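Novice: Residue numbers (my numbering), protein chains in the order written: chain A, 1 to 228; chain B, 1001 to 1299.
Since the hints were made in silico from the structure, they are not lab data. Computed from a prediction, not measured in an experiment: that's the story for all the values here. It cannot be assumed that every hint is accurate.
Claimed, not checked - Derived coverage of chain A by chain B (criterion: at least 3 residues anywhere in the stretch with Cβ under 8 Å from a Cβ of chain B; other residues may be distant):
| # | stretch |
| --- | --- |
| 1 | 66–77 |
| 2 | 174–180 |
Claimed, not checked - Straight-line distance between alpha carbons at most 25 Å, and here's what the computed DSS-like set of lysine-lysine pairs gives:
| # | chain 1 | residue 1 | chain 2 | residue 2 |
| --- | --- | --- | --- | --- |
| 3 | A | 128 | A | 182 |
| 4 | A | 201 | A | 220 |
| 5 | B | 1196 | B | 1015 |
| 6 | A | 128 | A | 115 |
| 7 | B | 1076 | B | 1144 |
| 8 | A | 27 | A | 220 |
| 9 | A | 182 | A | 201 |
| 10 | B | 1015 | A | 115 |
| 11 | A | 117 | A | 89 |
| 12 | A | 115 | B | 1002 |
| 13 | A | 89 | A | 115 |
| 14 | B | 1015 | B | 1203 |
| 15 | A | 89 | B | 1176 |
| 16 | B | 1144 | B | 1130 |
| 17 | A | 117 | B | 1002 |
| 18 | B | 1076 | B | 1130 |
| 19 | B | 1130 | A | 72 |
| 20 | A | 72 | A | 89 |
| 21 | B | 1203 | A | 89 |
| 22 | A | 117 | A | 220 |
| 23 | B | 1196 | A | 72 |
| 24 | B | 1002 | B | 1176 |
| 25 | A | 220 | A | 89 |
| 26 | A | 89 | B | 1196 |
| 27 | A | 182 | A | 115 |
| 28 | B | 1203 | A | 72 |
| 29 | B | 1015 | A | 117 |
| 30 | A | 115 | B | 1203 |
Think of the CB as a built atom: it goes at the ideal place given N, C-alpha and C, for glycine as much as any other residue.
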Amino acid sequence: MVQLFRVAKIYPPNYPALKDIYLQIDKGEFVFVNGPSGAGKTTLLRLLFRAEDASEGQIVVNGRNITRLDGKGVAELRRELGLVFQEFKLLPTMTALENVALAAQVVGVSRQESKRKAFHLLRELGLKDKHDARPPTLSGGEQQRVAIARALVNEPMLVLADEPTGNLDAETAEETMRLFLKIHERGTTVLLATHDTGVLKRFGCRAVFLQRGELVGDSKQESGEARL
Amino acid sequence: MKLAWIPFVFLRVLKSLRDLLWTHVLTSGTMAMTLFIFGGFLLIQDNLHSLLKGWGSQIQIFAYLNNSLASPDLQKLIAAVRSYPEVESVRFVSREQAWESFKKSMGSQSSLLEGLQAEILPPSLEIVLKMPYRERAPAGDVAKRLRGLAGISQVEYPEEWVERLSVLVLGVQWAKWIFGGFLFAATLLIVGNTVKLAILARKDEIEIMQLVGAPQGLIQAPFVVEGMIQGIAGASLSLLVLWLLFLFLGTELPNFLGIFAVRDQIHFLDVEGVALILSLGGLLGASGSLFSLRRFLKV
Chain A
1 MVQLFRVAKI
11 YPPNYPALKD
21 IYLQIDKGEF
31 VFVNGPSGAG
41 KTTLLRLLFR
51 AEDASEGQIV
61 VNGRNITRLD
71 GKGVAELRRE
81 LGLVFQEFKL
91 LPTMTALENV
101 ALAAQVVGVS
111 RQESKRKAFH
121 LLRELGLKDK
131 HDARPPTLSG
141 GEQQRVAIAR
151 ALVNEPMLVL
161 ADEPTGNLDA
171 ETAEETMRLF
181 LKIHERGTTV
191 LLATHDTGVL
201 KRFGCRAVFL
211 QRGELVGDSK
221 QESGEARL
Chain B
1001 MKLAWIPFVF
1011 LRVLKSLRDL
1021 LWTHVLTSGT
1031 MAMTLFIFGG
1041 FLLIQDNLHS
1051 LLKGWGSQIQ
1061 IFAYLNNSLA
1071 SPDLQKLIAA
1081 VRSYPEVESV
1091 RFVSREQAWE
1101 SFKKSMGSQS
1111 SLLEGLQAEI
1121 LPPSLEIVLK
1131 MPYRERAPAG
1141 DVAKRLRGLA
1151 GISQVEYPEE
1161 WVERLSVLVL
1171 GVQWAKWIFG
1181 GFLFAATLLI
1191 VGNTVKLAIL
1201 ARKDEIEIMQ
1211 LVGAPQGLIQ
1221 APFVVEGMIQ
1231 GIAGASLSLL
1241 VLWLLFLFLG
1251 TELPNFLGIF
1261 AVRDQIHFLD
1271 VEGVALILSL
1281 GGLLGASGSL
1291 FSLRRFLKV
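Construct all of the structure, not just a fragment, from the sequences and the given hints.
Specialist: Structure representation (structure tokens):
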């Protein structure tokens, strides 16, 4: 599903955010990207949805080399992905339903069908009574669930989540993580960046470790004791 | 463009027009000023052109004859002139007829001519050209040939006025594009800045649309449509002001216009002129938006 070959990202003037990354993620996997702040987790995810260009190396997503894409190619790539961020990125002037439906409408789904899909997803994520609420009136956990619903509305093959629990309390963070596991159980590949090592122990999925831009560990390739 | 996107774009345009109403009104007003000046030049040019055509249709050539021309030679000369393919009619005006006509044109001041005699005026031929030849170039060509004929001492036609008016029409035509060009460039920048404000106001929405894979065209379309609406609104306003001004000049300043005897000949822009102003407005708005989008919107 995702392959990175010798990928590096250097920010000007000469700051290496990622160095020589080799990584392969198979279809249907759930992978945590773990590491301290500044390790390169966000940069890695940004390269995968082409918010950044790789300075070196090649990146393949779903069989397509995305290293060099024009604007049209980037839009096509993003339609195959579901993106979730720490700061939710919801539009405060739109209702929860409209926020979710927007993602479907921009890929050409009719207004009515978009709203129907958004309504079902919000209900599935436990926001049945909140679809008319605007984000500022929702709790952090509820906002993140709206953002997750938006990421899922176009039925993506791959979900990229960047610190999705970073702004949530422990209990809500745990609920949100379980939501990602549910998404994964439906067959969606999930790549989730987090600095929380406790999560890795509790959920026992594959984890890759970044430190100062280098991939320093991969639980899939290491021995049983390294597997968390 | 998918059909599902049409209501999407339409709703975003309405929302932006509502949220940034005064910004849009100001931009439309600026475009109206530019298009008013351009339309004014177009109106002047159009009317001068009609005037020129009108004058052209009245072109007559006056060939003054030698006093010593004998009658048989005169008949031969008239026959020769009539044989020109450009000539519709030839009228001989004798000294006496010319004198009477001159006295008549002097009106109450004809007493000034007392003591003078008809001999001071030469006999002449009044030559009317066929319709297709009533323009500067063919009239000049006929005049040149007439000057070469024996028995003709001088040839005159309203060449100078026609030439002056032609130069004026050409000047207005050039001024329209030169002034218009500068104003269009300035207006493009103003429209660009309005679009920049609209982009900033919807920055988050644009970012989210980009993140969920909205095509570039769909992100840009509402801004371009907004620009076109602003431009067409500005053009309509400019046409309205121009029309009111035209009515005012036609009714309030009749004497001034009467001097030039053109009051009944002036006319407002025709359908093509109106369509040109409206299209330029739409084009100006749309291109201003695209220009700004390319600067401020990146994937």
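Novice: Compare the structure with each hint and give your call.
Specialist: Evaluation of the provided hints:
no., hint, verdict
1, 66–77, "holds (count 6)"
2, 174–180, "violated (count 0)"
3, A:128 - A:182, "18 Å, holds"
4, A:201 - A:220, "14 Å, holds"
5, B:1196 - B:1015, "16 Å, holds"
6, A:128 - A:115, "13 Å, holds"
7, B:1076 - B:1144, "19 Å, holds"
8, A:27 - A:220, "14 Å, holds"
9, A:182 - A:201, "18 Å, holds"
10, B:1015 - A:115, "19 Å, holds"
11, A:117 - A:89, "20 Å, holds"
12, A:115 - B:1002, "17 Å, holds"
13, A:89 - A:115, "19 Å, holds"
14, B:1015 - B:1203, "14 Å, holds"
15, A:89 - B:1176, "50 Å, violated"
16, B:1144 - B:1130, "17 Å, holds"
17, A:117 - B:1002, "19 Å, holds"
18, B:1076 - B:1130, "21 Å, holds"
19, B:1130 - A:72, "64 Å, violated"
20, A:72 - A:89, "22 Å, holds"
21, B:1203 - A:89, "12 Å, holds"
22, A:117 - A:220, "36 Å, violated"
23, B:1196 - A:72, "23 Å, holds"
24, B:1002 - B:1176, "40 Å, violated"
25, A:220 - A:89, "32 Å, violated"
26, A:89 - B:1196, "21 Å, holds"
27, A:182 - A:115, "23 Å, holds"
28, B:1203 - A:72, "20 Å, holds"
29, B:1015 - A:117, "24 Å, holds"
30, A:115 - B:1203, "23 Å, holds"
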